[in-house]
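> Listed below, chain by chain, are the residues.
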Amino acid sequence: DVKVTQSSRYLVKRTGEKVFLECVQDMDHENMFWYRQDPGLGLRLIYFSYDVKMKEKGDIPEGYSVSREKKERFSLILESASTNQTSMYLCASSPGGNEQFFGPGTRLTVL
Amino acid sequence: GQNIDQPTEMTATEGAIVQINCTYQTSGFNGLFWYQQHAGEAPTFLSYNVLDGLEEKGRFSSFLSRSKGYSYLLLKELQMKDSASYLCAVSPGTYKYIFGTGTRLKVLA
Chain A
1 DVKVTQSSRY LVKRTGEKVF LECVQDMDHE NMFWYRQDPG LGLRLIYFSY
51 DVKMKEKGDI PEGYSVSREK KERFSLILES ASTNQTSMYL CASSPGGNEQ
101 FFGPGTRLTV L
Chain B
112 GQNIDQPTEM TATEGAIVQI NCTYQTSGFN GLFWYQQHAG EAPTFLSYNV
162 LDGLEEKGRF SSFLSRSKGY SYLLLKELQM KDSASYLCAV SPGTYKYIFG
212 TGTRLKVLA
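In the order they appear, the protein sequences are chains A and B.
Per this note's numbering, residue 1 is the first one in the first sequence, and the count goes up by one each step.
Per this note's numbering, residue 112 is the first one in the second sequence, and the count goes up by one each step.
Be careful, since some hints might not be right.
[Unchecked claim] Listed next, the in silico SDA-like pairs over lysine to any residue satisfying Cα-Cα at most 25 Å (straight line):
1) K207(B) to K13(A)
2) K192(B) to P39(A)
3) K55(A) to H29(A)
4) K57(A) to K207(B)
5) K3(A) to G151(B)
6) K3(A) to Y159(B)
7) K217(B) to D38(A)
8) K207(B) to I60(A)
9) K168(B) to N98(A)
10) K53(A) to G204(B)
11) K3(A) to S194(B)
12) K57(A) to Y206(B)
13) K3(A) to H149(B)
14) K3(A) to L157(B)
15) K207(B) to L78(A)
16) K57(A) to N141(B)
17) K13(A) to G151(B)
18) K192(B) to R107(A)
No lab work stands behind these hints: they were computed from the structure.
Taking the hints into account, I'd like the entire structure generated from these sequences.
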């Protein structure tokens, strides 16, 4: 079974802090994604990566950056957390243009 | 713009059949996906349609009409564990996925 893990299920940070969300997948998938999920808005794509060291902006990249130094790991970075970044963050991986496999999510609260 | 519409909430009775509709307008089309998401959990893949027609997988079926920009997910013999949100997603191009806001299904005993 494909397994996608995320570093934390719940995280509380203060405004202005730098926040790192880590995602690891164990199935050698080329593609990895970061989404945020908010009530009434659905899943929105922040960034994705189709190869090591490659990254592309999604629909809402402002305030975020990413890093993919190894194929299995995709990190989301909030350079200076703000209250409007309070959300559920979901990482996903995919072997190609097929279904995505999601991690359990990180519920981030920024105070 | 790109848009996916699905009903916000539906209610059905255990043992019944329910159809969840999804309409989309996207700049391209590489396939349509349905995911199930239980409260507090990650979405899990249910089905994939890229050609017109019906795809059946056990109690779940998904239909696609590309000319109409329309899909539905059909759930038969509903069980209490089917209470969840169902997400419709379209891939308009390589590496791109657009998700609808989800349909929350409540199954009543």
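> Given the hint that K57(A) pairs with Y206(B), does the C-alpha gap stay at or below 25 Å?
Between K57(A) and Y206(B) the Cα gap is close to 11 Å, so the pair holds against 25 Å.
> K207(B) and L78(A) were given as a pair; does the straight-line alpha-carbon distance stay at or below 25 Å?
Given pair K207(B), L78(A) holds - Cα atoms ~22 Å apart, limit 25 Å.
> Holds or violated: K3(A) and G151(B), Cα atoms, limit 25 Å.
It holds: about 17 Å lies between the C-alpha atoms, which stays within 25 Å.
> Check whether the Cα positions of K3(A) and Y159(B) lie no farther apart than 25 Å.
Given pair K3(A), Y159(B) holds - Cα atoms ~20 Å apart, limit 25 Å.
> Assess, step by step, whether the Cα of K207(B) is no farther than 25 Å from the Cα of I60(A), and give holds or violated.
holds, 13 Å
> Take the C-alpha atoms of K53(A) and G204(B), compute the straight-line distance between them, and say whether it is at most 25 Å.
holds, 21 Å
> When you check the alpha-carbon spacing of K3(A) and S194(B), does it fall within 25 Å?
holds, 24 Å
> Hint check: K55(A) vs H29(A), CA-CA at most 25 Å. Holds or violated?
holds, 15 Å
> Compare the distance between the alpha carbons of K3(A) and L157(B) with 25 Å, and conclude whether the hinted pair is satisfied.
holds, 17 Å
> Holds or violated: K3(A) with H149(B), Cα cutoff 25 Å?
Distance of about 18 Å is within 25 Å: holds.
> Take a quick look at whether K168(B) and N98(A) sit within 25 Å of each other, Cα to Cα.
Roughly 17 Å separates the two Cα atoms, so the pair holds.
> Could you grab the alpha-carbon distance between K13(A) and G151(B) and see if it respects the 25 Å cut-off?
Holds, because 20 Å separates the two Cα atoms, which is no more than 25 Å.
In the structure shown, a violation is registered for the earlier hint numbered 1 alone.
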